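Enquirer: Hey, can you work out the whole structure from these sequences and the hints?
Everything in the sequence shown is counted per our numbering, starting at 1138 for the first residue and increasing by one.
Derived from the structure by calculation, the hints contain no laboratory data.
Values in this document were obtained by computation on a predicted structure and should not be read as measured data.
The beta carbon of each residue, even a glycine, is placed where N, CA and C say it ideally should be.
Errors might be hidden in some of the hints.
[Stated by the list, open to error] Listed below are the simulated BS3-like cross-link pairs for lysine-lysine, each with C-alpha atoms no more than 25 Å apart in a straight line:
id : residue 1 : residue 2
1  : 1357      : 1392
2  : 1312      : 1291
3  : 1384      : 1435
4  : 1384      : 1323
5  : 1382      : 1340
6  : 1168      : 1142
7  : 1142      : 1153
8  : 1335      : 1323
9  : 1323      : 1374
10 : 1312      : 1357
11 : 1357      : 1346
12 : 1384      : 1353
13 : 1613      : 1558
14 : 1335      : 1353
15 : 1589      : 1558
16 : 1168      : 1194
17 : 1620      : 1632
18 : 1350      : 1323
19 : 1428      : 1291
20 : 1312      : 1142
21 : 1340      : 1353
22 : 1382      : 1342
23 : 1323      : 1289
24 : 1161      : 1194
25 : 1194      : 1153
26 : 1291      : 1384
[What the hints assert, rightly or not] Label-pair restraints from in silico Cβ distances:
id : residue 1 : residue 2 : range
27 : 1175      : 1143      : 18 to 24 Å
28 : 1157      : 1422      : 50 to 56 Å
29 : 1644      : 1373      : 57 to 63 Å
30 : 1143      : 1387      : 23 to 29 Å
31 : 1450      : 1142      : 42 to 48 Å
32 : 1616      : 1362      : 56 to 62 Å
33 : 1381      : 1596      : 25 to 31 Å
34 : 1331      : 1638      : 31 to 37 Å
35 : 1594      : 1404      : 35 to 41 Å
36 : 1392      : 1587      : 34 to 40 Å
37 : 1559      : 1394      : 26 to 32 Å
38 : 1362      : 1559      : 27 to 33 Å
39 : 1146      : 1611      : 55 to 61 Å
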Amino acid sequence: MPSVKELLAAGADLTKEDSELIEKAYYFAEKAHAPQKRFSGEPYFNHVYATALNLAKIGMGPNTIIAGLLHDVLEDAEVDQATIKNEFSEEILFLVEGVTKLGKIRYHGAQRHTKSLQKLFVAMAQDLRVIIIKLADRLHNMQTLEHVPPEKQKRIALETLEIYAPLAYRLGIRKFTRELEDLAFKYAFPAEYEQTRKLFREKNKENEKRLQKFAKSTIKTLALGGQTHIRIEFRLKSIYNTFRKLKTHNMDIEKIYDLSAMRIICPSITDCYQILGLVHSTWRPLPGRIKDYIAFPKPNEYRSIHTTIFTGDGGILEIQIRTEEMHREAEFGVASHLIYKGKGKAKTDPITWLKSLLPRIPGVVSNTTVSQTPTKYSYSDVPHWIKELATLQPKDNENESFLEHLKIDFFGERIFVFTPKGDVVDLPIGSSPVDFAFAIHSAVGEHMSGAKVNGKLTGFDTTLQNGDIVEITTKKGARPNRKWLASARTTGAKKKILASLQRLEQDSK
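Expert: Written out as structure tokens, the structure is:
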């Protein structure tokens, strides 16, 4: 049941004024939605309360929590803009209007669906808090999906798996990602869900006692090595991610080594590497299973050290080592940087972290423009991939291909590769040197004459792997040809190649 005390307790560092304003919004929304019911028969207010609670739990500031409480009052409760502005603030009205403009996503027909998604991406480009509210709203809708008519459940679940969960992942909000995926999996693929859940339950029952015993040994080993200011917790792989892994291993759960993981959380980066040394000097690591995401963060800025070790009792265990800051960022992503206080002021400088998400490629100027109206509440400097999403304008006959483009280019699995200078380029999995060249700049792609991967000459159709170092050579007279279309993985690169070929054909006439 909704409780204003629970909501305030979940909030991060709320002042007395913050708490009073959230409480005011709580009762305002409760009164505004009083006559309304959901499919379940519960009061509609339960939904907006749950949305606000989801936002509080990931550390969002008071204005975002209030916007979560009020996000449906304009559309569903006939409250006008002036009332919200007068009762709360212009900034809160800005956020509520941002969510309201997204409207209700309609699931019938690719064209209408595509237009709804475009609204979503434009809202993201204007203020990331709007999309975080939308994700919190979607999470509660998924938590109550059992009450939605059966014919709608699978469509909503598939959209969640294909768009919303990957979007939460790219924004680094793993807390939302895991739950969105697992809730959607149950409705999108019920037979596969039941099969995976059974395998998952049996294996984890076997692991539980072993983990507790191993944790005690780890604490003792680290203490002898001088590492006493640590804490240990366990992570169980989500059911949906377990299913994805099972598919690559012919549904053999014995071949998955990271069903459960032990996290060692410590004070500093130096401690992370010292702990890694102590772990490896005590337990033998599996070759090729050590991943340093501190030195080389994932494209969504995830940082941690992962290693997989033989526990000595016949078991194999993944260990993740990170600082408290890394742990908070891993769980809450962009939300850990967007903790707003008062009149739109952030505790941390949002421009600093936003720039860290931009591709680190020197001398590259994006040719993307986004129609925005920056205000004192929003930040115009947003990650490049969000700007690109906001500018996508598919033609009416391209709706199906547009959705496929989103799944591959923006929401599919990602890899990161490097320029020879060590700059990171974020690409969809399966990308080629052609995609890499056009990701750097259209001019580089259009005049590409050769490619090297890890110092060796390679074909343009080579599939790039995570961590590859890619060097593109260019010549003034080099031009794209139609063979490049078969080598390109991303829709963006293919469109640029086609545009270049069309220009060449026109020039030759």
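Enquirer: Could one say that the CB atoms of residue 1559 and residue 1394 fall in the range 26 to 32 Å?
Expert: 30 Å, holds
Enquirer: Is residue 1312 within 25 Å of residue 1357, Cα to Cα?
Expert: Status violated; Cα separation ~30 Å.
Enquirer: Between residue 1312 and residue 1142, does the CA-CA distance stay at or below 25 Å?
Expert: 22 Å, holds
Enquirer: Within 34 to 40 Å: is that where the Cβ-Cβ distance between residue 1392 and residue 1587 falls?
Expert: 39 Å, holds
Enquirer: Given the hinted pair residue 1357 and residue 1346, is their Cα-Cα distance within 25 Å?
Expert: 18 Å, holds
Enquirer: CA of residue 1335 to CA of residue 1353, is that 25 Å or under?
Expert: Not OK: residue 1335 and residue 1353 at ~29 Å, beyond 25 Å, violated.
Enquirer: When you check the alpha-carbon spacing of residue 1291 and residue 1384, does it fall within 25 Å?
Expert: 21 Å, holds
Enquirer: Hint check: residue 1335 vs residue 1323, CA-CA at most 25 Å. Holds or violated?
Expert: Distance of about 13 Å is within 25 Å: holds.
Enquirer: Do residue 1146 and residue 1611 keep their Cβ atoms within the hinted range of 55 to 61 Å?
Expert: 58 Å, holds
Enquirer: Should the hint that residue 1381 and residue 1596 are 25 to 31 Å apart at their CB atoms be regarded as holding?
Expert: Given about 29 Å between the Cβ atoms, the range holds.
Enquirer: If I claimed the Cβ atoms of residue 1616 and residue 1362 lie 56 to 62 Å apart, would that claim hold in this structure?
Expert: Since the Cβ atoms of residue 1616 and residue 1362 sit about 60 Å apart, the hinted range of 56 to 62 Å holds.
Enquirer: Hinted pair, alpha-carbon criterion (25 Å max): residue 1142, residue 1153. Please report holds or violated.
Expert: This hinted pair holds, its Cα atoms lying about 13 Å apart.
In summary, the numbered hints that this structure violates are 1, 10, 12, 14, 18, 19, 30, 34 and 35.
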